[in-house]
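Number of protein chains: 2
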Amino acid sequence: MKEYQKYLETLPFWKDLSNKEKENILSFSIVQKYDKGTFIHTQDDTCLGLIYVLKGDVRVYMVSEEGKEITLYHLLKNEIDVLSASCVVNQITFDTELIAKEDSELLIIPVTILSPLKDTNIYVRSYIYEVLADRFSDVMWTIQQILFLKMDQRIATYLVDASSQDNSLSIKTTHEEIAQEINSAREVVARVMKHFQNDGLIEMKRGTITILDKKRLLQLL
Amino acid sequence: MKEYQKYLETLPFWKDLSNKEKENILSFSIVQKYDKGTFIHTQDDTCLGLIYVLKGDVRVYMVSEEGKEITLYHLLKNEIDVLSASCVVNQITFDTELIAKEDSELLIIPVTILSPLKDTNIYVRSYIYEVLADRFSDVMWTIQQILFLKMDQRIATYLVDASSQDNSLSIKTTHEEIAQEINSAREVVARVMKHFQNDGLIEMKRGTITILDKKRLLQLL
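Residue numbers (this note's numbering), protein chains in the order written: chain R, -8 to 212; chain H, -8 to 212.
Source of the hints: derived by calculation from the structure; they are not laboratory data.
Ideal placement from N, C-alpha and C gives every residue a C-beta, glycine not left out.
No false leads were mixed into what you were given.
Pair by pair, the computed Cβ-Cβ distance ranges are: (1) K68/H <-> E178/R: 30 to 38 Å; (2) K24/H <-> E178/R: 31 to 39 Å; (3) G28/H <-> A176/R: 25 to 33 Å; (4) G191/R <-> D204/H: 50 to 58 Å; (5) L17/R <-> E0/H: 34 to 42 Å; (6) S161/R <-> D110/H: 38 to 46 Å; (7) W5/H <-> D110/R: 15 to 23 Å; (8) I21/R <-> D204/H: 51 to 59 Å; (9) W5/H <-> D204/R: 49 to 57 Å; (10) V22/R <-> F139/H: 32 to 40 Å; (11) E14/R <-> L211/H: 51 to 59 Å; (12) T33/H <-> Q188/R: 27 to 35 Å; (13) K13/H <-> D94/R: 50 to 58 Å.
Reference listing, derived: stretches of chain R covered by chain H, where coverage requires no fewer than 3 residues with Cβ under 8 Å from a Cβ of chain H: (14) 110 to 119; (15) 123 to 133.
Pulled out of the complex, with its shape left as it was, chain R reads as follows:
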């Protein structure tokens, strides 16, 4: 058994594949390592495929013709993306680039396998589009940050204030409570907090939020 088989088996469509299809994916998928700072996919590259982050941190961004960059989202361990498979998904009409922000390891189902599977197996097809929907959601979050803000500022302010008030880096509170305090919605707070956690600013555990990096939190204000 290939060492990465266990990851492939977590894909929701795995149980809906024929044995032949499973064999095919197992034979042609590859594990690729990227040193920190290496390009994983650029506008000039050919199509990559479905990527599964085994390790590391992948930054996904857009580049304007003048070279201006917009970070759309990050892919962390166990996250999946298909934006580098634009040749398989014709709705991907925009160019994105992927770079390893940390030393990263990716499991890749190449387009040569993914493309015919998408056409013949409705479960694979549906999954590809669901992954795209996840990324759409990420992008919309970023866009809202850029265009509207300043929700993360407001939440950062709240956390810093609460921490000073309790004279502790651990704050006993809930998303619901924060939402109430800053006049926002619980879902919005949950989303921002998840980002804060992914960025290593805070840690959330059973009704307690712990500030891990107060300095960077203060920089948000």
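Dock chain H against the given chain R, drawing on the hints supplied.
Chain H alone, transformed into the frame defined by chain R:
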């Protein structure tokens, strides 16, 4: 046969529905008319469903907490959307609003029907996510316009598009309306338009903009 059955039959998943499922959709889908300027869906509304534009022009936009609007895309005749079905698609974590820009007529498959279908019929599920991918593509186009393009390019793009759509060099619109469409301010649009007029690219007269030199306008794109 209901008059709108022919539209439902064009949906790619129609052939993959059981007779019972078809009957259900036919029984519960509704055709709704919206006068120009009417809200179709707002952040406060409950979930709508899959919408199919039979007639008109629907503007889809986001609103910041301070009331700033960003036009994401328009839905024209025969276009389909699921963004107002956020309760069915958990990736839709952002709020959008829909307004009738012209008198519009929508065929709606309500969420009460759509939600169970998504769970039991993989073809419906896949289609919902494919529609979402189409809208993702639209949004990315808009975002690129906002973040990367210069204002004169954006306005030139708008004028050329509007002219093609109406198949006329005369466009009935106002600075206010253009500003809303390209996500800018009225003053900015007025300034660029004045430049265009001085350069002999366009002529402005009582609510009508006439393109005088389309060739040079196209060179701006």
